[in-house]
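Full structure from sequences and hints, please.
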Amino acid sequence: AQSVSQHNHHVILSEAASLELGCNYSYGGTVNLFWYVQYPGQHLQLLLKYFSGDPLVKGIKGFEAEFIKSKFSFNLRKPSVQWSDTAEYFCAVTAYSGGYQKVTFGTGTKLQVIP
Amino acid sequence: EAGVTQFPSHSVIEKGQTVTLRCDPISGHDNLYWYRRVMGKEIKFLLHFVKESKQDESGMPNNRFLAERTGGTYSTLKVQPAELEDSGVYFCASSQGRGGYGYTFGSGTRLTVV
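Read top to bottom, the protein sequences are chains X and A. The opening position of the first sequence corresponds to residue 1 in our numbering, with each subsequent residue numbered one higher. The opening position of the second sequence corresponds to residue 116 in our numbering, with each subsequent residue numbered one higher.
Source of the hints: derived by calculation from the structure; they are not laboratory data. Don't be surprised by glycine CBs; every beta carbon is placed ideally from N, CA and C.
Beta-carbon label-pair distances, calculated as ranges:
#1 R225(A) - G62(X): 28 to 34 Å
#2 E167(A) - E15(X): 47 to 53 Å
#3 P176(A) - E15(X): 38 to 44 Å
#4 K169(A) - I68(X): 34 to 40 Å
Straight-line Cα separation of at most 25 Å, DSS-like style, residue types lysine-lysine; simulated pairs:
#5 K61(X) - K78(X)
#6 K110(X) - K156(A)
#7 K193(A) - K166(A)
#8 K130(A) - K156(A)
#9 K159(A) - K169(A)
#10 K58(X) - K78(X)
#11 K156(A) - K49(X)
#12 K159(A) - K110(X)
#13 K193(A) - K130(A)
#14 K78(X) - K110(X)
#15 K71(X) - K58(X)
#16 K49(X) - K159(A)
Partial chain X-side listing against chain A, Cβ under 7 Å, derived:
#17 F34
#18 H43
#19 L46
Following this line, the structure appears as structure tokens:
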């Protein structure tokens, strides 16, 4: 079965600082990779996704993630964070299970951006 | 298009009581999923419906949890009787196809069992 590890549980940054959130997955087959975000009081939203092709994926709000197959990693980055990026970020992987793709989440990383 | 709707948004019940959570998926989405997040831990899969059929219910914690999906539309998740460890946020999601393109999530139901 697949699993996802997020190394940072709580990250505090000042505005304009650069962000990198780590994500590693464990699965022997082909996977699709995602980052979801949950802003305070809101629902989970898809931030970006990787299926195939260019391993550097750009998402909404200036976020990007790089898939490094040899490291089983899909780290999330943003060059300059804003206060509005304060949220919880979840890395997720899908893999086939019974003919359907099943999403497995990491434990989440809470990001707090200080003005 | 309307998103995935869940209600109630928050429920507080006493141990031993029954609670029913509801999820309305995006119209036309055959796949409906239930996930749960217990405080501070990962979001865990509970089960997956394809239309009205249970495709995978391997994540259901025990027989106190019963999920149904009437006519392949909305779904309910009933907890009876509720225990303290059932507290958490219950997420519903829906998707088209075979789910490989990501899910659309509802806002979740926060269940507190006291």
